[in-house]
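Residues per chain are reported as follows:
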Amino acid sequence: MEENKTTPNLVVDLCGLSLKNPVIAASGTFGFGEEIEPFYDPSILGGFCTKGLTRRPRPGNSGIRLQETRAGLMNSIGLQNPGIEAFVRDILPRIRRFGTAIIANVGGETMEDYVAACYEVSKSSVDMVELNISCPNVKHGGMAFGIDPDVAAKVVRSVKRSCRKPLMVKLSPNAPDIVAVARACEKAGADALSLINTISGLAIDVHARRPVFANVTAGLSGPAIKPIALRMTRDVSKAVSIPVVGMGGIETGEDAAAFIMAGAAAIQVGTAGLVRPDTCQRIIAELLEFMSREDIGSLSEIRGII
Amino acid sequence: MEENKTTPNLVVDLCGLSLKNPVIAASGTFGFGEEIEPFYDPSILGGFCTKGLTRRPRPGNSGIRLQETRAGLMNSIGLQNPGIEAFVRDILPRIRRFGTAIIANVGGETMEDYVAACYEVSKSSVDMVELNISCPNVKHGGMAFGIDPDVAAKVVRSVKRSCRKPLMVKLSPNAPDIVAVARACEKAGADALSLINTISGLAIDVHARRPVFANVTAGLSGPAIKPIALRMTRDVSKAVSIPVVGMGGIETGEDAAAFIMAGAAAIQVGTAGLVRPDTCQRIIAELLEFMSREDIGSLSEIRGII
Amino acid sequence: MKSDLYVALENRQIAPGIMRLSIQRSEATGGMRELPEREIGIKRKTPLNFEAEDWAYSPVEPGQFFMLKTRAVEPLLPRPLSVHEASGDVVVFLYQTRGAGTKAIAALETGDPVLATGPCGRGFPVDDITGRVALIAGGIGIAPFRYLARRLSKSPSISSLVLVAGFRSMLFGLEDIAPFVTEIRVATEDGSAGTKGFVTDIIAPAPFDAVLACGPIPMLKAVKDSCKSAGTRCLVSVEARMACGIGACLGCTINTRSGNRRVCVDGPVFPAEEVLFDGGE
Amino acid sequence: MKSDLYVALENRQIAPGIMRLSIQRSEATGGMRELPEREIGIKRKTPLNFEAEDWAYSPVEPGQFFMLKTRAVEPLLPRPLSVHEASGDVVVFLYQTRGAGTKAIAALETGDPVLATGPCGRGFPVDDITGRVALIAGGIGIAPFRYLARRLSKSPSISSLVLVAGFRSMLFGLEDIAPFVTEIRVATEDGSAGTKGFVTDIIAPAPFDAVLACGPIPMLKAVKDSCKSAGTRCLVSVEARMACGIGACLGCTINTRSGNRRVCVDGPVFPAEEVLFDGGE
Ligand SMILES: Cc1cc2nc3c(=O)[nH]c(=O)nc-3n(C[C@H](O)[C@H](O)[C@H](O)COP(=O)(O)OP(=O)(O)OC[C@H]3O[C@@H](n4cnc5c(N)ncnc54)[C@H](O)[C@@H]3O)c2cc1C
Ligand SMILES: Cc1cc2nc3c(=O)[nH]c(=O)nc-3n(C[C@H](O)[C@H](O)[C@H](O)COP(=O)(O)OP(=O)(O)OC[C@H]3O[C@@H](n4cnc5c(N)ncnc54)[C@H](O)[C@@H]3O)c2cc1C
Ligand SMILES: Cc1cc2nc3c(=O)[nH]c(=O)nc-3n(C[C@H](O)[C@H](O)[C@H](O)COP(=O)(O)O)c2cc1C
Ligand SMILES: Cc1cc2nc3c(=O)[nH]c(=O)nc-3n(C[C@H](O)[C@H](O)[C@H](O)COP(=O)(O)O)c2cc1C
Ligand code: FES
Ligand code: FES
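Residue numbers (my numbering), protein chains in the order written: chain B, 739 to 1044; chain U, 739 to 1044; chain Z, 19 to 299; chain Y, 19 to 299.
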């Protein structure tokens, strides 16, 4: 075999933001990045998304917050976070040194919340804003904005007006028509899209004869949902011309390659990073290895070929 | 502990059809019932659904038809079947002796197909018709009818006019709003509903750089989808007053109990029966054991309590 | 055909990536339905004396297979493996570790329980094969040929039995078959043993009354074609992805002259002229 | 805190449903990142001599825990287990087999690889505990107390150390702790050993300077309340469902006087008065 292959190029341009590689740690599964430091240097990542931030601090949901399912994890955290102000003041200065793209994931309950929160956080040194209109675990707001294309367009348009950083909109797999929402967000000015957030599911404790979660339903993530996430990533990629960041059940470098073949510009890793802290590091290495083995020089050679 | 408990009562009334117990083998995973005979006496079942039948014989899809995923199975069989006529003439007389409810699962490509097929098969000795308006693996028809409430209502109304047996409509989890479709089917005259059919997913062979399935997407079933199926079973049960038959990833007696607590009148077992031929037999035993242990005398005590 | 609990007796690597597994169905496990959480208390190694008798529980045709599932939760589905030998209360498999399923099988240790459903499908019609016979194996396709050769060697209507085996590089499984055949011919793709090339380079079907083949699709196709030209009867054992293995899911169908057939119950052995490789011809 | 590959040295049942697992982090595995498919070639049993030294890799606080994951694909998530002992390159766990995760751990055999992340969380502040000390354990809550008792027994500022242990019926783990405490009191719910009743029936906090408790929530709540009345300092080790164990997912939060706290990094040991059992008070 030929031996003088060059190392594959993993660099990704995400609407102007240059990422070292396409591997981004997903919101809510990576804290604010500090938790990973004992395990590896976060600078190796393409980037990471912060835990969902809201205008005001939120305590999150009470009761059980996690339930494992076959090859999956259900969660009902409920956007527990210290609020944008505390994030920008106390946390961001500490994590800026990581030398990787910081994407602020922003949640909300009202249109005004979203606009104010995105404006506020976009004035800071974060590299990008990920607008979470797809959280299934908050009663008023969150997912409601990601369900209807018109409502999604409205919130994106409003946020976009004052958001000073590239705006990535995170879509909900629970939308009746995720492609329609994607198109509406693109038209409303989104710079990029990310998908999927968790899928609404139900767990029942048959012995106690009640739902496991206080909110009854909760969001399903992990390897179980990968085929569904991959299908949606392809559907949305084919429908829009802005970059799409795919996620849902990614565990390996080959999973990452599959999402890129389905059209993703970059990918995010959530649940698999909870299973093992060094997962993202391993996925980057595996993706490089896969590309070398299969003689793929850069991601654009395989992006969207399916 | 008290020892003189009576055996729990598993009998289910499904719109006039009395089932020995709520465990029904799901369509497409049980052939025409004959394959199970070497393993157990099919008369122990509440009933079984035949492989999807169509007006004319169908060869099904070519290419790879199965792909395992984490805790799931993707299939793209494409309604391979001998057609209603051959079923009624050659197969039904042989399987009538099983002494369990036979539910004819009917697929189609056009409104006329559905009406003719249901009429034809309902004249035979089958106990019930399950109208499959949710097969994701057939290009024209199938799932398309289960996506839009108005279209679903139309096909149900038309079929119902000439169908001589109770009509159960099988819903698609790929519908934008499964509850709206359920309500429309109820209003159009459905006697019962069953859900969920498989969820549309995508698998990519990253080495070959192409989709695994010739149809690109295929239907996901098995334990991976259980939380989603359970959520939809509850949503639909709460929205309609006709009986709902729940399925999706059921593997154990406790899983069956969870679906019943979520509102199901009965349950179906698909993929788990492929993993081990004796699964339905085991689920019946486990459900009995669960009820005895938890001191539940009959299913109505727990049905819909969540 | 039954679905029962067995115990792993021995699971041994016989060549890189190639393992041999023996499982035992015994009184102690025959009645059990569930995979126990820890090992069953059976560690004795039954001496594998295959000369004596056939499988004790039902007739087994060479080419039939079992669906095997270990205690591992993943992968979900059982995996089909051909009967390599069957005798007394023991069944032996020869297999190549490829993906998740065969890896789970490779992890079995003596005493571990295995759920096995079988014997499944239709094998080679031993009583119906006569005269000069060639067995053609490609790689792990050699697995069913030990039991097939033993059974054929007992048949008075067989006059000669030649094994033609092709490998990528490493040879395996030959010594188990040697006692039962009149001749062995070997080809390797890299020329490291036998003739360099493919099995089809070292056998011409014309002198044979029957050719029985098992191996990868391109090989089966080539064997089919050359048998057709030579007018030699040809039976092939076909692989397909399976879920149930008992005919219930239609996941394993192949296209044949008589329409779709399920590999798991109508096969895996088919007359070669029946099988439409590449979906059509 | 690190995530590394260890090898199971010994995994033994010490009472019905209760197991003790020792794992070793050695030069041979310290650098490995992946769970190999078959066992690693380390079968030696390190003599477990815990008198001598502390864990070789970093200081371990009693009450800290590791997240353990075996090769089994299911369950997906690792499981938290408290440090029962830590010495040299060996960590020992005492655990009860409950669901899928602990069952997978119970299936570990000598030589099997285990992925362990730890030591995680905040344990008991050994240097900060003085005078007359009571350890209160409910059931498997006794697990961290062997290492805790050994560490406390070395502290010159401890004047007495009483272990108060409650069980449903069967006793376990006591003999490992006995050498390090001045007194052991036992209660069983069925009265089969010690006093019939709950731990709270056999200890009054007043005579103690500190009470350290680990066990089910209702017990912790009762201990907290009686310590409050008595004015005795009380520390409790709390359980919560965990996904990551490193503070990244917020799945393990409990409600405290200072708001939500993550059990995995802010705990599992908390001052009892901080913890709002039942979400509020
Ligand atoms: C009737 C029958 C008898 C068989 N007998 C033997 C035997 O005696 N010894 C032996 O080593 N193998 C035998 N096989 C093949 C064996 O079952 C496959 O190796 C196995 O299904 C692949 O499973 P896996 O878990 O190793 O790989 P998987 O992880 O399932 O897949 C690995 C790769 O193999 C492919 N694959 C999956 N299933 C099949 C299949 N059924 N056939 C071909 N490719 C597949 C997939 O596309 C994938 O790329 C037999 C197959 C059949 C159908
Ligand atoms: C910091 C910490 C230290 C621990 N130390 C030990 C120890 O030293 N020895 C020991 O035996 N156990 C210990 N545990 C508990 C152990 O982790 C649980 O037994 C385990 O999480 C349950 O997992 P499973 O796979 O056995 O059961 P699962 O199948 O996950 O669940 C079985 C049942 O346990 C419940 N459950 C799940 N997770 C937890 C949890 N974290 N706490 C309480 N209940 C739960 C579920 O509701 C379910 O009903 C500790 C837990 C924590 C948080
Ligand atoms: C514990 C947990 C918390 C999460 N919190 C958030 C969040 O705050 N904001 C958000 O947009 N997504 C959140 N998610 C969703 C993930 O970012 C991701 O979209 C989803 O888990 C699918 O990817 P995965 O299968 O790789 O986990 C959360 C997921 C988990 C498991
Ligand atoms: C191989 C296979 C074939 C199927 N064929 C049909 C079919 O013909 N008609 C139908 O209504 N559903 C069909 N289904 C869907 C199942 O009946 C069931 O709705 C689905 O698999 C979810 O249940 P499970 O998770 O228990 O398998 C098929 C499923 C599988 C796995
Ligand atoms: S594998 Fe199910 S029909 Fe053959
Ligand atoms: S378990 Fe993830 S934050 Fe504690």
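If you're looking for bench data, these hints aren't it; they were derived computationally from the structure.
There may be inaccurate statements among the hints.
What the hints assert, rightly or not - No more than 27 Å apart at the CA atoms, straight line, and that leaves these computed lysine-lysine pairs for DSSO-like:
#1 Y:Lys-246 / B:Lys-758
#2 U:Lys-898 / U:Lys-758
#3 B:Lys-861 / B:Lys-903
#4 Z:Lys-121 / U:Lys-758
#5 Y:Lys-172 / Y:Lys-214
#6 Z:Lys-121 / Y:Lys-121
#7 U:Lys-861 / U:Lys-925
To be verified - Listing some non-contacts, in silico: residues in chain U with all C-beta distances to chain Z over 12 Å:
#8 Arg-803
#9 Gly-837
#10 Ile-885
#11 Ile-1043
Unchecked claim - If you anchor each label on the Cβ, the simulated ranges turn out as follows:
#12 U:Ala-1023 / Y:Thr-128: 35 to 43 Å
#13 B:Pro-914 / Z:Ser-247: 38 to 46 Å
#14 Z:Ala-248 / U:Ala-1023: 38 to 46 Å
#15 Z:Ala-248 / U:Val-889: 53 to 61 Å
#16 Z:Glu-291 / B:Ala-977: 22 to 30 Å
#17 Z:Lys-214 / B:Gly-754: 50 to 58 Å
#18 U:Asp-1033 / Y:Arg-275: 52 to 60 Å
#19 Z:Pro-225 / B:Arg-1031: 53 to 61 Å
#20 U:Ala-1023 / Y:Asp-208: 44 to 52 Å
#21 Z:Pro-225 / U:Pro-831: 46 to 54 Å
The C-beta atom is built at its ideal place from N, Cα and C for all residues, glycine as well.
Status of the hints after comparison with the structure:
Simply put, Lys-246 (chain Y) and Lys-758 (chain B) have alpha-carbon atoms about 55 Å apart, too far for the 27 Å limit, and the pair is violated. The hinted pair formed by Lys-898 (chain U) and Lys-758 (chain U) meets the criterion: a straight-line CA distance of about 26 Å does not exceed 27 Å. About 8 Å separates the Cα atoms of Lys-861 (chain B) and Lys-903 (chain B), which keeps this hinted pair within 27 Å; it holds. Simply put, Lys-121 (chain Z) and Lys-758 (chain U) have alpha-carbon atoms about 41 Å apart, too far for the 27 Å limit, and the pair is violated.
Of the pairs offered as hints, the one joining Lys-172 (chain Y) and Lys-214 (chain Y) is violated, with about 32 Å between alpha carbons and a cut-off of 27 Å exceeded. This hinted pair checks out: Lys-121 (chain Z) and Lys-121 (chain Y) have alpha carbons roughly 21 Å apart, not beyond 27 Å. Simply put, Lys-861 (chain U) and Lys-925 (chain U) have alpha-carbon atoms about 24 Å apart, close enough for the 27 Å limit, and the pair holds. With a cut of 12 Å on Cβ distances, Arg-803 (chain U) falls inside the contact zone with chain Z, its closest approach being about 5 Å.
Look at Gly-837 (chain U): its CB is around 19 Å from the nearest CB on chain Z, clear of 12 Å, so calling it non-interface holds up. Non-interface status of Ile-885 (chain U) relative to chain Z is upheld: no Cβ of that chain comes within 12 Å, the nearest being about 25 Å off. With a minimum CB-CB distance of about 29 Å to chain Z, Ile-1043 (chain U) clears the 12 Å threshold, and the non-interface call stands. At roughly 36 Å, the beta-carbon separation of Ala-1023 (chain U) and Thr-128 (chain Y) lies within the given 35 to 43 Å, and the hint holds.
A hinted range of 38 to 46 Å for the beta carbons of Pro-914 (chain B) and Ser-247 (chain Z) is inconsistent with their spacing of about 59 Å. At about 56 Å, the beta-carbon gap between Ala-248 (chain Z) and Ala-1023 (chain U) misses the expected band of 38 to 46 Å. For the hinted restraint 53 to 61 Å between Ala-248 (chain Z) and Val-889 (chain U), the CB-CB distance of approximately 57 Å keeps it satisfied. Taking the beta carbon of each, Glu-291 (chain Z) and Ala-977 (chain B) are about 48 Å apart, not inside 22 to 30 Å as hinted.
Take Lys-214 (chain Z) and Gly-754 (chain B): their Cβ atoms lie about 57 Å apart, and the range 50 to 58 Å holds. Between Asp-1033 (chain U) and Arg-275 (chain Y) the Cβ separation comes to about 41 Å, which falls outside the hinted range of 52 to 60 Å. A hinted range of 53 to 61 Å is violated for the C-beta pair Pro-225 (chain Z) and Arg-1031 (chain B), which are about 44 Å apart. Checked against the hint of 44 to 52 Å, the pair Ala-1023 (chain U) and Asp-208 (chain Y) fails, with Cβ atoms roughly 31 Å apart.
The hinted window of 46 to 54 Å between Pro-225 (chain Z) and Pro-831 (chain U) holds, with their beta carbons roughly 49 Å apart.
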